[in-house]
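Peer 1: Following numbering that gives the first Met the number 0, the numbering of the sequence shown begins with 0 at its first residue and continues without gaps.
Incorrect hints may appear among the rest.
[To be verified] If you anchor each label on the Cβ, the simulated ranges turn out as follows:
| no. | residue 1 | residue 2 | range |
| --- | --- | --- | --- |
| 1 | Lys113 | Arg224 | 24 to 32 Å |
| 2 | Gly225 | Thr134 | 30 to 38 Å |
| 3 | Ala200 | Ala158 | 40 to 48 Å |
| 4 | Ser60 | Pro133 | 23 to 31 Å |
| 5 | Ser102 | Ser216 | 37 to 45 Å |
By construction, these hints were calculated from the structure, which means they are not laboratory data. Here a beta-carbon is modelled for each residue, glycine too, at the ideal position from N, C-alpha and C.
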Amino acid sequence: MTADPNTLASLAPGDRIEALRRRMASIPARTDGAAAPAVLTEHSEARFETRPETITESVTSVLEVPPALASLLPRGGLARGSVVSVDGASSVLLSLLASVTGSGKHAAIIGLPKLGLLAATEMGADLARCALIPTPGSAAIDVAAILLDGMDLVVLGLAGAAVPPTRARAVVARARSKGSCLVVTEGRWDGADIRINSHVAEYTGIGQGYGRITGFSVDVEVSGRGVRPRSGRFDLSATGGAVGWTASAPEEAAPLPLPQAL
Numbered sequence: 000m001t002a003d004p005n006t007l008a009s010l011a012p013g014d015r016i017e018a019l020r021r022r023m024a025s026i027p028a029r030t031d032g033a034a035a036p037a038v039l040t041e042h043s044e045a046r047f048e049t050r051p052e053t054i055t056e057s058v059t060s061v062l063e064v065p066p067a068l069a070s071l072l073p074r075g076g077l078a079r080g081s082v083v084s085v086d087g088a089s090s091v092l093l094s095l096l097a098s099v100t101g102s103g104k105h106a107a108i109i110g111l112p113k114l115g116l117l118a119a120t121e122m123g124a125d126l127a128r129c130a131l132i133p134t135p136g137s138a139a140i141d142v143a144a145i146l147l148d149g150m151d152l153v154v155l156g157l158a159g160a161a162v163p164p165t166r167a168r169a170v171v172a173r174a175r176s177k178g179s180c181l182v183v184t185e186g187r188w189d190g191a192d193i194r195i196n197s198h199v200a201e202y203t204g205i206g207q208g209y210g211r212i213t214g215f216s217v218d219v220e221v222s223g224r225g226v227r228p229r230s231g232r233f234d235l236s237a238t239g240g241a242v243g244w245t246a247s248a249p250e251e252a253a254p255l256p257l258p259q260a261l
């Protein structure tokens, strides 16, 4: 489901909310049994604030992630009601999206027009369960706050922007009250519960500088508030017709010559 980019970027704030209200009607129901999405009114940023007593029990559950990456996360998945910052290799973000939608849950992707959705499907993503808003313009954060009401996972591209703490707190409160997980990328979001940073370490299959790439290794580090940093190296390759992660085998040290060994 893709929203017309001009609908959100060019409309006045009041019309923008009305356009999103109509789209919310077509979004499938949440898979955790939560109530139908509420309709927001246009007042101020305070409209996204939610009282603590409205937090649902779904906040205590987690969303699925690839088993290889689960070992790095403190609860073995993406905790509902949390904000996760993901930076670095796009394959990590795509694999999170694939795990969530592939398990039957729903996701929204906002402000990432160049995201490799074909790669996501090769990892097992179900695009029929994705709402796509590639170019929301200045309304990106407002769109994310609204879609937290109806989606299990909301991925928000910040296009290099830094979100003010006051505005971030309002959206965080909404994510917690609705039991959704907000993943932010390509920008600065202070106060994220978990931060996942990654980079490509090496490629396989290119031999002596030429040939076809058959896979690559990614170094992933997970940190966060009250979380001891964890890191690991993972291989991404196609096995059995599907693309997935496996933990890299530890490299064996080469035997030392006898004089050095002594």
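Peer 1: Determine for every hint whether it applies to the structure shown.
Peer 2: Results of checking the hints against the structure:
Between Lys113 and Arg224 the C-beta distance comes to about 30 Å, which sits within the given range of 24 to 32 Å. Separated by about 36 Å at the C-beta atoms, Gly225 and Thr134 satisfy the suggested range of 30 to 38 Å. Between Ala200 and Ala158 the beta carbons are some 27 Å apart, a value that contradicts the proposed interval 40 to 48 Å. Distance hint for Ser60 and Pro133: a CB-CB separation of about 29 Å, consistent with the stated range 23 to 31 Å.
The hinted range of 37 to 45 Å is not satisfied by Ser102 and Ser216, whose Cβ atoms lie roughly 25 Å apart.
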